[in-house]
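Chains as they are written, first to last, in my numbering: chain A, 1 to 238; chain B, 1 to 416.
Check each hint, because a few of them may be wrong.
What the hints assert, rightly or not - Selected chain B positions facing chain A (Cβ under 10 angstroms, derived; list incomplete):
#, residue
1, Lys10
2, Ser11
3, Asn14
4, Ser17
5, Arg40
6, Ala318
7, Ala322
8, Gly328
9, Leu408
Keep in mind the hints are simulated off the structure, nothing from the lab. Beta carbons are placed, not taken as given, at the ideal position from N, Cα and C, and that holds for glycine.
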Amino acid sequence: MATLANMTMNILELDNLTYSWPKRQQLSIDIEHFALQQGQKLFIKGPSGSGKSTLLNLLTGIIPANSGSSIKVLGQQLCEMSGARRDKFRADHIGYIFQQFNLIPYLSVIDNVLLPCRFSSSRADRVAADPKQQARKLLSKLKLSDMDILTPVSALSIGQQQRVAAARALIGSPELIIADEPSSALDHDTRSAFIELLMQECQSSGATLIFVSHDPSLESLFDRSVQLQDINLQGVTQ
Amino acid sequence: MKTIALLTWKSINNRRSSALLTVFTVAISMLLLLGVERIRTQAKDSFANTISNTDLIVGARSGEVNLLLYSVFRIGNATNNIDWQSYQKLAGQADVKWSIPISLGDSHRGFRVMGTNTDYFKFYQYGNRQALQFDSGQPFAQLFDTVIGADVARKLGYSVGSKIIIAHGISDKSFTRHDNLPFKVVGILAPTGTPVDKTVHLSLAAIEALHSGWNPAGNVGTSKNQHQPTFHPEQITAFMLGLKSKIKTFSVQRKINNYPTEPLTAIMPGVALHQLWSMMSIAEQALLAISGFVVVAGLLGMLSCLLTSLQERRREMAILRAMGARPGHIFALLVAEATLITAAGISLGVSFLYLLLAAIAPLINSRFGISIESASISTHELKLIVTVLLGGMLIGLIPAFRAYRQSLADGMTIRI
Ligand SMILES: Nc1ncnc2c1ncn2[C@@H]1O[C@H](COP(=O)(O)OP(=O)(O)OP(=O)(O)O)[C@@H](O)[C@H]1O
Ligand SMILES: [Mg+2]
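Taking the hints into account, I'd like the entire structure generated from these sequences.
Here you go:
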């Protein structure tokens, strides 16, 4: 259970995790055991098609694992939850950043950032009295100016959009931040700056970070790095 | 849920132009549906209002509808006439409160001429027991006086004092106009929205004079008190009866139908009107069906609009899912969009209807005497509106279900 006394508590524990996409015989994911400690910054690398995104879909409870699997996030067993409970769990505890096109085009920057608070009352509660103020604070920490905040999201640069997405993932201080190749569309310098900012904010809110990429050059920035094929016995390669 | 409502609103707002177009399509189809429905019910009402408070109409033996058509609507002709003696006898019964004899068969420049007596102006009623009113002038008193309906006066430009020629026979082009007699307009009736507006009224004696070929040539308009032969009607076409007690209607009707001297038919106008209307109900139903199809077309337009947008919105759905939206939320989002568009279309359509009614009502009232009140939405119309709204929501289920399936299959993978 999530007792805070234990500093080396595992935020994530996978056991006998298997998954195969519907209408596919082959397993996409087959992980015997994997654990991640709270507060760590994990880098998962692996070539295209190795199942990185599939794994993240499982961790966030978007797709249900095969029976017999065990996914414990924050000490809670995802595999025993109903779909609706997993959706709620994700809203409450996980911040997610996509590779690109993170933002909903018809919402303002602030509304995009506040989106998780609309689906999760506990994250809304954790945001101080004025959620908009909190959103602005996060955005400015991520180096977005007041001008940027008033710009329609479609007019922001990709780097700016990714920082808005990071603010959205961080709002309401979820315990786990998951990023699926969020920097692949950025140039080298912007990418490093983005990852550093993201890490800083994870650090200050005490969140655990799982960062997925096929670019091994980022590896050095993280506490821990795994090659997906090393833990995934059935890694599909193309 | 508040979030879904907000997202629905913002997302529709983002696709304003195509959404507006869809709303317009639904609005126009709704306008058509309600408009046709209004016209249909108004027509039915004004049809049923053609004659009121008359208990029986009597004519030579014929079908009920035929008798109604020629006596009230001035359409078609009687198969036979009624003897004046028979009329006097039947109208003189103890149960009869009033009677109006009518004599048809002549025309004036396309309008039917009807012979009657002054009781007609006293007892004939239409609509909701409204008596005839004079716009100007008064009932006929002299042999060559005539009272014309509102349409006749308007179309032919007559006013009180106008001299008119009345032909014997129905066809205007008829060469039997040898008995052309000069008449004087002494009264113009207020519009009623019934065939009365299209009728030229003469006294029965004038009709008789017309038919007997009496020609006052040379004497026209010289003196009012000129010597005139007296004309007594020998036959009439039909007559209307008002009874002292409604309860007697059936027994009087039976008595007339069994009248031994000549074969007669007595009808109750309400029953015959109903029969006539049900004969026309095919056209009415067809009209309704057509406007129904227009609504279906409008909703299908919305469906295609929503389905096209779905492909571009897969990314949006994946983002929402990642933020904790359930597949049910995605489903609700699309149903809400369809509902909002339909509801907006319906409201706009209803506003259009009332705008249109307000614009044309004075015109129709002055032209046809029919007052189209901008009545509030009737329960029947409300049913139609709810049906269309439910239809819109039902159609929204199609893209909603598709988005639901998509978001389950895609998960958080963004597919473009
Ligand atoms: N929605 C899906 N339905 C069916 N199969 C899928 C689906 N998503 C992924 N797969 C399959 O699962 C395997 C792993 O795909 P995944 O997207 O997890 O790879 P990845 O490591 O994220 O690749 P990339 O680096 O290109 O993003 C692939 O063979 C892929 O075809
Ligand atoms: Mg991927």
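Hints and how they fare:
1. Lys10: holds, 5 angstroms
2. Ser11: Holds. Min distance 5 angstroms.
3. Asn14: Asparagine 14 of chain B check passes; min Cβ-Cβ to chain A is 3 angstroms, inside 10 angstroms.
4. Ser17: violated, 14 angstroms
5. Arg40: With a minimum Cβ separation of about 42 angstroms from chain A (threshold 10 angstroms), the hint on arginine 40 of chain B is violated.
6. Ala318: Since the shortest Cβ distance to chain A is 8 angstroms, the answer is holds.
7. Ala322: holds, 4 angstroms
8. Gly328: Hint holds; glycine 328 of chain B Cβ to chain A Cβ min 8 angstroms, cut 10 angstroms.
9. Leu408: holds, 8 angstroms
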